[in-house]
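Visitor: So the sequence lines, in the order shown, correspond to chains A and B. Here the numbering used here is used: position 532 in the first sequence is 532, and no number is missing along the way. Offset between the second sequence (1-based) and the numbering used here: plus 1000.
Please keep in mind that the hints were generated in silico from the structure rather than gathered at the bench. Some hints could be false.
[Unchecked claim] Once the Cα atoms are required to be at most 25 Å apart in a straight line, the calculated DSS-like pairs of lysine-lysine come out as:
no., chain 1, residue 1, chain 2, residue 2
1, B, K1544, B, K1623
2, A, K344, B, K1153
3, B, K1153, A, K337
[As the list claims (entries may be wrong)] Label-pair ranges, simulated between beta-carbon atoms:
no., chain 1, residue 1, chain 2, residue 2, range
4, B, G1176, A, N364, 32 to 42 Å
5, A, G377, B, N1072, 39 to 49 Å
6, A, F594, B, E1617, 40 to 50 Å
7, B, E1451, A, T455, 19 to 29 Å
What you are looking at is a predicted structure, and each value in this text was computed from that prediction instead of being measured. C-beta: ideal position from N, C-alpha, C; glycine also.
2 protein chains.
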Amino acid sequence: MTGEIEGGARVVITNVRPRLECGRYRVKAIEGDLLDVTADIVRDGPDLLQASLRYGSPSGEWADAPMSHLGNDGWMGRFRPETPGIWHYTVQAWTDHFATWRRDLGKRVDAGQTVDLELQEGALLLEKRLVLVPKEERRVIQAAIEVLRAPGKSDGWDAPRVTAAVDESVAAIMAGHPDRTEAATFEPVLGLNVERVRARFGAWYEFFPRSTGTSTEHGTFATAAEHLTAIAGMGFDVVYLPPIHPIGRTHRKGKNNALEAGPDDVGSPWAIGSEEGGHTDVDPKLGTIEDFDLFVERAGQEGLEVALDFAIQCSPDHPWATEHPEWFHHRPDGTIKYAENTPKKYQDIYPINFSTEDADGLWNELKRVLEFWISHGVEIFRVDNPHTKSFAFWEWVIDEIRAEHPNVIFLAEAFTRPKVMGMLAKLGFSQSYTYFTWRNTKYELVEYLNELVHTDMALYFRPNFFTNTQDILHEYLQHGGAPAFKIRLVLAALLSPSYGIYSGFELFERVPLHEGSEEYLHSEKYELRPRDLGGPDTLIPYIKLVNEVRRQLAAAARLTNLRWHDVDNEAVVAWSKTAPEEQSLLVVLNLNPFGREEATLHLDLDALGADVEQPFEVYDVVKDTTYTWSGHSQYVALDSPDEPAHIFLVKV
Amino acid sequence: MTGEIEGGARVVITNVRPRLECGRYRVKAIEGDLLDVTADIVRDGPDLLQASLRYGSPSGEWADAPMSHLGNDGWMGRFRPETPGIWHYTVQAWTDHFATWRRDLGKRVDAGQTVDLELQEGALLLEKRLVLVPKEERRVIQAAIEVLRAPGKSDGWDAPRVTAAVDESVAAIMAGHPDRTEAATFEPVLGLNVERVRARFGAWYEFFPRSTGTSTEHGTFATAAEHLTAIAGMGFDVVYLPPIHPIGRTHRKGKNNALEAGPDDVGSPWAIGSEEGGHTDVDPKLGTIEDFDLFVERAGQEGLEVALDFAIQCSPDHPWATEHPEWFHHRPDGTIKYAENTPKKYQDIYPINFSTEDADGLWNELKRVLEFWISHGVEIFRVDNPHTKSFAFWEWVIDEIRAEHPNVIFLAEAFTRPKVMGMLAKLGFSQSYTYFTWRNTKYELVEYLNELVHTDMALYFRPNFFTNTQDILHEYLQHGGAPAFKIRLVLAALLSPSYGIYSGFELFERVPLHEGSEEYLHSEKYELRPRDLGGPDTLIPYIKLVNEVRRQLAAAARLTNLRWHDVDNEAVVAWSKTAPEEQSLLVVLNLNPFGREEATLHLDLDALGADVEQPFEVYDVVKDTTYTWSGHSQYVALDSPDEPAHIFLVKV
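Using the sequences and the accompanying hints, generate a full structural model.
Guide: Here's what the structure looks like:
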C-alpha cells in the first residue's frame, strides 16, 4: 500500500457501479439498453473536476461519454452497448484547472478585486492547452490569450479582458479538449456481458419430439415439426427439446422410473449415449442429423428458436466410456462410478470427473459438442444440473463459446442453494431456472420477486419462470384445477420476462406419481406421451392471449420495472410494469384457485404515471372491457373458477 | 477472465467481510479486539467443505483459525490481533474428501447397503493423508486403515470395519491435518490497521500553552505544565496543543483577526515559521525544546498524552520559503502564492504545492517533521485541514510513520464534504473530527450517529466529538447557557468513545465575535486568553463525573454498541451502551436547555439484557440515586436548568 512518491494524482475514484464482486465477474446487459454508470469521485482541495465514462466495444474500440456531477461527490454517465459480446468500461477523472480558474476569477471580479495576475495565469493555462485543441478552434483560444495579455483594466465585469476570460465558447473548447495527463482511472476495468434480447425475454415451450407419434409409435423430428405451427400459434418464442441423442441400454429405466426396463421401453433421454453414438449424434429413432436440420429450419420459419438440452453425463454405453475412461470417476475395483445421490443410486448414468488429469481433453471435447450444435443452428442451450459440474469449466466454456458466438444463450437448470445458483449466473449463464414453482402465496411471491428485482441479483441473475417441468408438478397444480393453471401462467408470464411451460400444461395434465410426489404419473421421461392439442377444453386460447400481451408491451420484456400495488387481501396480488411511451401493464390476480375473493386495491399511481386528480382508463384484455378509474382505491372481485385475473392495459 | 484449463479448483470464496473498497483500503481495528471475518463459500456438487481464516501479524507470521458454517453457504472465523501494526487476513477453503466420504458412508449404512468398496476407498483416503499426520497420531490412522481393509462384514453399524471407519478420533485427526493442495484462497489478501486503544477511546482537552501566563505575559511550557494537574483532575487523557512553532511576522493578524497586527499582538500559531525557525522548532516565547520535553514528561506523570498540531503551511517568514521556494505555488510575476478561499485572502499563510517537481524532497521533509516530534515523545498528531493536502501524501506518510511507530495516532481535522472526510479516514487517519457540533436536535443526532455506527463507516471512520474548538462556538452554546454546555458534554462524551473540549468550555465561555458568527470574540487564535479554573461556577465537577463514568465502563470505550431507546418526546433522547459482564450505561437526556421536559421512555430491554418480567435497578450517577424499574415503559422528567441528564448504570 505504501507507494511511490509521485505527487501527481490527486483524484480518487471509488464505488463504481454497476459492479459485481469487485469486478471479478461481469455484470449483464442487453444490447441496445442504456447502461447508467455511477462513481464517487473526490479530490483534495477545492478544485473542480471533470469525469468521463470510458467504454470499449467487443472489438476493442474505446469511446468516452461525459459524466455529470449528481451532488455529494457522486457522478453519472451512460452508454449504450449496441452489440452482443464482452464490453468494458471504467471511469476517468481529472482536475479541471481551467474551469477552476474561471470560477475563482468570477468570485474575485464579484468581490471587486483587480485580477491582472489572474488573467496572466489564465493566458498561461490556455497556452498550455493549445496543443490539444484542433486547428479550427485554435484561433478562438489564441484570440482569447491575446486579449487576456493586453494591457488595460483588470477589474469589473465590463473589462474586455475579463469578458474574454469567461467567454462561453472558450470554456466549451477547453472542456471539450481536456488535459488528461494527470487523470486518475478506476481499476480494474469492468466487464459487461452484453447479450441479445432473447437472453432476457422469451416464452419457452418444452416438448419431447418422440411423443409426437402415437403411444406405440416413436415420434420423429418430422412428426415433431408438425407441432411447430400450433406452438408458434400459442405465441411461444423458443421450443426446448430434452436430449435428442442415442439412449443407453445398460440399466435403462422402465415406465415410472422402474429399475428394469421392458423391451419396448424408450428410456430416459438423459441417459445419453449408446453404440449409436453420443453427444453429437441424434437418436436414430428421431431421424438423422439432416432431419434435425430440417426441424430447426421449420422452427425458424414459424418464428421459433430451438433450445437443446446440454447434459454432461453418459449412459454406460456412451462411446466416451470406452474411448475416455479417464474422464470418469473410478472405484477401487477399477469400475466406473455411476451417479449417486447417496444413498440413491443411478446405475444408468455415469457422471463426468471434471478433476480428471485430462481436463484439457475433456473440456475441449465438451466445447466441441456445443460448437457442433451451434453449427446446426442451435443458439440456446438449457444446461442440465450445471451445479454438479465444475464452476471453472462453466466460466471457461461460456466465455470461449460466446467469444466466437455472442448470440449463444445458456440457461442454467440448477435447483440448489441460493448462492450456488447465484454463482452460476455470475460465471456467465444468461438465465436461470428459479424457485418460482415453489412460490405460491402472496408473501412468498413478493419476497422472492423483490430479491430478484430489487437487489444486486438484478445485475447478474435473469430468471426464467417455468410453470412446470418434466420433473416438477407442484401440488398447487395437482389440486387447484384449471384456475390454478391460469394463475400460475399469469404469474410466470407477466412477472418474469422469460418464462416457460412444459407440454401438457396447456391440457391441465396434473396427475402425480402418487399423493405427495412432484413427479408426473407416467412421466414422459420414461415413456411416450402423445397429446392432442386440438381438443375443446384446453388452456391454449388463454396462453395465446397472455403471450400476445407480452409481445404487445415492451414493459413485459423487462424485469426491474416491476412494482407491487397494495391489496388488502392476502389471496389477491397486484403488480404493474411500465415502459416509456406506452400503456402500462397492471395485473390483479386471485391466488385462490377455488373461489371468489374481493379486495380493495390501493394503487401506486406514481408508478403508473397516473394523476390522483385525473380519471384514467384501464382496459381488461381478458374480459375485453374498459373501466374508468380515478384515485388510489379500487374495489376488485375475482372469482377464480370464472376468471382469476384482471390483465389491464392502463391508459394515462 | 478466460483462464487456463486446470480442472482443479472447485471452490469459490466471495464476499469476505470486513472489507473496504474491495481491499484497496484497510479496515481498522483496535489491539486485543476479536475480529469476526465472514465469507460466502460455494462448491459445485454435494461435497463437504472445510475453511480456515488465515491471518498474518505485522512481523509476517501467519496462523490459522478454523471457520464454521453459519448456514446458507456463509462461514465465520475470528482472530484477535494483539499488537498495533498492519495485519493481514484472507480465507482459504477446500473440499473435505474424508468428511464427505464419512457422511456418505453413514447414509449407505443407514440404507442397509454393503459398503465394502466404500471402506476400501476410505482406506485409500486415509493412506494418502498419512504424510500430513504427525508421527504421534499416525498410529491411529494406520490402525484404522488395517481394520478397513480387513475381510469381514461390511454392512450395518455393528460391523467392526464400519465402526473403525466412523471413529471420532480418526475424524478429528483428519480434520486437524487437512490436505490443502487444492485449496482456494481469497484474493486480494486484506489489510487491517490495528491501533492502540487510544485511537478509539480518549478524552481530549485543547489549550494554548501561551495563555497560561497573564493577559500581557506570554505563557510558557513551564506555566502550561502547571495546568496539567487540573486537566488530569478533570479526567482527560490527551492534551492537544495548537502549533508551538515560531510565528511569522509578515502580514501577521491582529486581535479578532484584524488585518494589521499591533506590535504586541502574538499572531496566529497556524502562521508557522519565522527567522527563529519552522516546523521542528519551538516558539522561543514558549521556551526551548528542552522545556517542551519537560512538559511532555510532566504530562506523562499526570497520565496525560500530548497531541501536537500538524499544520502543513508556512508563514512567509518560514525558512522553507527561502530554502525551498519550489515547494510553493508561484504566480506569473514570480511571487509565492498565499492562501486563499476565493475571494478571501490569507496573506499570512503560504500553502504547500504537493504537486511540486520535488515531491520527493517535500514529502520526506514532512515525514522528518513528524519523526522529530515522535523523538520528543509525541505520539498523537491532530492534522490541520488534511483535505487541502494531497491524498496520496497522507496515505504514504501515515503508512511510513506507522511502519516504524505503530502507536502513532493521526486525527483528521477536516470539516468538508462527507466523502472527502471518509476518504481521509480510508487513507489511514486513526480518527476524525465530525459534524457533531452541528447536530443538535434528536433527529439530527440519531440520523448522524446511525450513519457512523450502523453503516460501513464503522469499519474505517472513528469519530472524535468536539463540543467546541477554537474555530467553532455553535449558537446552541451561545444561547443555551450552562445547561447547553452540560447537554453537549454528555452527548459528546457518552455517545462517542473519543471526544474533546477546547478550554473555556469548562468556564461556559460563549460570547461570539458577533451575532450569527461561530467565531469567539477575542479569539485565542490571535491573543492571549488566560483563564482561572479555580472559580466557583464552572463545569469542572460535572466534567469530572462524566469522565469517571467513561473510565469506569468498558461500554463507553466502544462505538458500535450504541443503541437508541424510544422516547415519546422529540426534546428527549435516550441511548444505552453495553459491554460483556458489566453494568450497562443508559443515558436519558433533555435536549432543551431552557426548561422541563416530561416523557415516557420505551426501553429496549433486550439491548440492556433486562427481563420484562424481572425488576432491575438503575443508579443515576448524577443524582446519586437508585431506582427500581420493571417493564419497558418508564416516566421521566428532566428540568435542564436543574439537571438535563439521567446517567444511569443499569444492574440486571
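Visitor: Each hint needs a verdict: does it hold in this structure or not?
Guide: Hints and how they fare:
Of the pairs offered as hints, the one joining K1544(B) and K1623(B) holds, with about 14 Å between alpha carbons and a cut-off of 25 Å not exceeded. Distance check on the hinted pair: K344(A) and K1153(B) sit about 22 Å apart at the alpha-carbon level, within 25 Å; holds. With a C-alpha separation of about 22 Å, the suggested pairing of K1153(B) with K337(A) holds against the 25 Å cut-off. Under the hint 32 to 42 Å, the C-beta atoms of G1176(B) and N364(A), about 40 Å apart, fit the expected range.
A hinted range of 39 to 49 Å holds for the C-beta pair G377(A) and N1072(B), which are about 41 Å apart. Against the hinted window of 40 to 50 Å, the Cβ-Cβ separation of F594(A) and E1617(B) comes to about 58 Å, which falls outside the hint. As the Cβ distance of E1451(B) to T455(A) is approximately 22 Å, the hint placing it in 19 to 29 Å holds.
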